[in-house]
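Student: Given next are the chains, with one letter for each unit.
Number of protein chains: 2
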Amino acid sequence: MTKKIPEKMKAVVLPGYNGNMIKAIKSLEIKLLPVPKPDKGQVLIKVDATTCNPSDLSFIQGSYGIKKELHVVPGFEGTGIVVQTGNDETSKNLLDKRVSFNAHVKLNGAWAEYVVTNTKQCIPVHPDIPVEQAACMLINPYTAYALFELIKERKSKAFVMNAAMGQLAGMMRSLANETGIEVINIVRKKAQIEILKNKGSKHILCSADDNFLNQFTELAKQLEAKTFIDAVSGELSGKMLELMPSNSQLILYGALTGENLSHIGAKDLIFFGKNVTGFNLIQWFETTPKEKIREVSYKLQEKIRKGKIKTEIYKKVKLKEVSGSLIRYIINMSAGKVIIEP
Amino acid sequence: MTKKIPEKMKAVVLPGYNGNMIKAIKSLEIKLLPVPKPDKGQVLIKVDATTCNPSDLSFIQGSYGIKKELHVVPGFEGTGIVVQTGNDETSKNLLDKRVSFNAHVKLNGAWAEYVVTNTKQCIPVHPDIPVEQAACMLINPYTAYALFELIKERKSKAFVMNAAMGQLAGMMRSLANETGIEVINIVRKKAQIEILKNKGSKHILCSADDNFLNQFTELAKQLEAKTFIDAVSGELSGKMLELMPSNSQLILYGALTGENLSHIGAKDLIFFGKNVTGFNLIQWFETTPKEKIREVSYKLQEKIRKGKIKTEIYKKVKLKEVSGSLIRYIINMSAGKVIIEP
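Sequence lines, in order, name chains A and B.
Using this note's numbering, you'd call the opening residue of the first sequence number 0 and step up by one each time.
Using this note's numbering, you'd call the opening residue of the second sequence number 0 and step up by one each time.
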């Protein structure tokens with residue numbers, strides 16, 4: 000039985016893009032908005048829980064790759080129950096189902112009681128998976144899994160991963176552990192080497208080390224690391240690709256520096272079979288065949304149920320607490336995700 | 000009947016890499032070298048004719064992507080008769096055949112009476128094709144054809160091509176003309192616009208124009224140009240890719256600026272499905288299935304026989320005239336290729 004859908008909903012609203020992150024967070028307001036209606040190929044979801052990723056923080060500052068019309072509800076992912084659907088079979092099949100979802104690239108996002116998104120951006124969630132894991136199941140776990148599939152397709156014996164302290168990196172290490180594929184972890188601070196070592200990582204380099212590029216060249220050659228999973232962008236990434244073996248590929252999925260990719264060696268592209276491409280999960284859901292997504296979902300959700308892939312949770316908050324809790328979150332991101340339950 | 004192979008051969012020898020092009024050309028010497036022996040997977044070719052491409056000029060300066068051990072015989076392509084082969088079936092099948100060839104990436108090149116190269120880098124030549132066309136049949140015509148195949152595979156309605164005054168660009172325009180695929184030609188000097196217009200080109204932009212990037216954005220959007228065939232590299236190429244529509248690809252096959260590729264938009268890679276790759280003909284011959292190469296050869300050589308694809312020839316010279324004639328060649332490259340007949 001589908002519950003009655005109200006006309007209004009509570010939502011966190013961003014009134015304007017503000018380059019300063021603290022000011023952007025403080026500008027967030029709770030408002031009453033009309034509950035949106037799903038078009039064909041879309042569903043309306045009653046949000047059980049949502050979260051805040053680095054991409055959300057970048058978005059509210061206006062520095063993310065996706066910009067939406069203002070005022071706007073932020074929130075790129077979440078979980079909830081499909082309570083209304085567009086007039087097409089695929090969408091109707093999701094009615095009353097519990098899903099994790101990516102927000103629509105143009106419409107209001109997940110920091111609200113209700114949200115409309117594309118049906119293709121919804122994944123049914125196994126009943127054993129707790130709500131807080133489901134709330135952040137796509138942007139990190141699915142991205143990690145999809146990127147790791149690319150590494151396997153490329154038959155890379157090893158891959159390079161920067162931003163290695165992040166949760167996504169941890170998930171990719173878990174996936175790699177099961178296969179024997181080696182990981183070259185790149186961290187920014189010397190102290191982080193010890194932390195990853197204690198978690199069982201074998202290969203960790205610090206990009207602040209004077210001798211970093213030499214160490215990197217040596218290790219990439221020794222392990223035959225031919226895929227570079229890059230969340231950082233900028234000149235250093237280009238230089239690192241240049242130092243990797245022939246036929247290496249750089250897959251950019253984030254740009255923490257906010258910089259363009261530069262120093263891409265012309266000779267490497269022309270003579271050494273290297274190339275540069277990008278990845279984003281929303282496009283992956285739009286373009287990957289249904290059967291493949293179903294297969295990935297089955298395998299990945301099994302790992303999540305068994306705790307092999309796990310998002311660390313910092314705390315749960317209500318919509319009206321978002322602003323304050325996000326400021327605490329950015330001070331210590333490695334403590335885990337904030338889960339927002341409307 | 001295979002003729003007796005002498006022990007010594009005349010060859011043009013480069014004694015050292017010299018960053019100055021004129022000095023590099025002047026340093027070339029005629030020497031008597033031992034005729035090399037083909038290994039397995041290789042053939043010995045008695046050279047009928049060879050040529051000088053921009054890549055050769057870059058090579059003798061030491062600024063090309065391929066560097067060989069010195070002293071070395073330059074010359075990346077040519078034509079001749081296979082007079083001796085390695086002990087394998089594929090190579091033996093080429094004995095006594097007339098071929099066009101790419102030089103070996105490590106061994107002495109084509110500016111000699113004899114040359115050894117990999118069997119995979121040899122293409123039998125149709126008897127109707129004159130020696131001077133066969134001498135420069137691979138690096139321009141085959142590259143043009145292979146690049147154009149990529150454009151067709153990508154289903155691009157239009158493509159962007161810089162270095163549009165070059166012979167390869169002219170060949171790609173011929174191929175495009177037959178298909179209705181539009182070409183955006185990029186030239187460096189205003190006066191060149193008129194020259195290409197008179198040859199029948201519709202879309203020509205000059206990168207020196209103050210308003211170039213705006214014009215380019217508009218035209219790429221209007222024609223839905225999603226492939227960028229780049230012989231130049233550098234920052235401008237990165238900026239141009241950024242201004243092209245979603246899902247555009249940059250294919251780098253040359254680096255006339257000598258610069259790395261920079262300004263590759265992180266957002267374009269992550270959110271707009273763009274990517275960057277390279278092309279080189281030697282690798283194409285190594286990795287493309289035999290049947291595909293045979294099919295391409297059949298179609299392309301038919302076009303060459305009919306004069307639809309034609310290399311402009313400046314003059315024919317002997318080995319001992321190479322040095323002097325190359326200096327005249329670089330002064331006016333658009334006059335056509337120098338053909339060297341040993």
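Quick caveat, the hints were computed from the structure, so don't treat them as lab data.
You may find that some hints are simply not true.
Identical copies go unnamed one by one, so any copy, or any two together, can satisfy a pair.
[To be verified] Derived lysine-lysine pairs resembling BS3-like cross-links, with alpha carbons at most 30 Å apart: (1) Lys-156 - Lys-266; (2) Lys-291 - Lys-266; (3) Lys-198 - Lys-7; (4) Lys-156 - Lys-289; (5) Lys-156 - Lys-119; (6) Lys-309 - Lys-156; (7) Lys-105 - Lys-238; (8) Lys-289 - Lys-314; (9) Lys-36 - Lys-289; (10) Lys-156 - Lys-45; (11) Lys-309 - Lys-266; (12) Lys-30 - Lys-151; (13) Lys-154 - Lys-119; (14) Lys-291 - Lys-9; (15) Lys-66 - Lys-156.
Student: For every hint, state whether the structure bears it out.
Tutor: Going down the list of hints, with the structure as the test:
Taking identical chains as interchangeable, the C-alpha atoms of Lys-156 and Lys-266 lie at most 30 Å apart whether they share a chain (24 Å) or sit on different chains (28 Å). In this assembly of identical chains, Lys-291 and Lys-266 lie within 30 Å of each other by CA distance solely across copies; the values are 26 Å between and 36 Å within a copy. Proximity of Lys-198 and Lys-7 under a CA criterion of 30 Å is satisfied in neither setting, with 47 Å inside one chain copy and 65 Å between copies. Taking the shortest Cα distances, Lys-156 and Lys-289 sit within 30 Å of each other both inside one copy (28 Å) and across copies (29 Å).
Taking the shortest alpha-carbon separations for Lys-156 and Lys-119, only the inter-copy value of 28 Å comes in at or below 30 Å, while the best intra-copy value is 32 Å. Taking the shortest Cα distances, Lys-309 and Lys-156 sit within 30 Å of each other inside one copy (25 Å), while across copies they are farther apart (45 Å). Taking the shortest alpha-carbon separations for Lys-105 and Lys-238, only the inter-copy value of 26 Å comes in at or below 30 Å, while the best intra-copy value is 35 Å. Proximity of Lys-289 to Lys-314 under the C-alpha cut-off of 30 Å is found in neither arrangement, the shortest distances being 34 Å within a copy and 60 Å between copies.
Only within a single protomer do Lys-36 and Lys-289 lie at most 30 Å apart by alpha-carbon distance; the minimum there is 25 Å, versus 56 Å between protomers. For the identical chains of this complex, Lys-156 and Lys-45 are neighbours neither inside a copy (43 Å) nor across copies (43 Å), given an alpha-carbon limit of 30 Å. Taking CA atoms no more than 30 Å apart as the test, Lys-309 paired with Lys-266 passes between copies only; the shortest distance there is 28 Å, against 41 Å inside one copy. Taking the shortest Cα distances, Lys-30 and Lys-151 never come within 30 Å of each other, neither inside one copy (46 Å) nor across copies (51 Å).
Both within a single protomer and between protomers do Lys-154 and Lys-119 lie at most 30 Å apart by alpha-carbon distance, with minima of 29 Å and 25 Å respectively. With identical chains, the CA atoms of Lys-291 and Lys-9 are never at most 30 Å apart, being 36 Å at best within one copy and 61 Å at best between copies. Taking CA atoms no more than 30 Å apart as the test, Lys-66 paired with Lys-156 passes between copies only; the shortest distance there is 29 Å, against 37 Å inside one copy.
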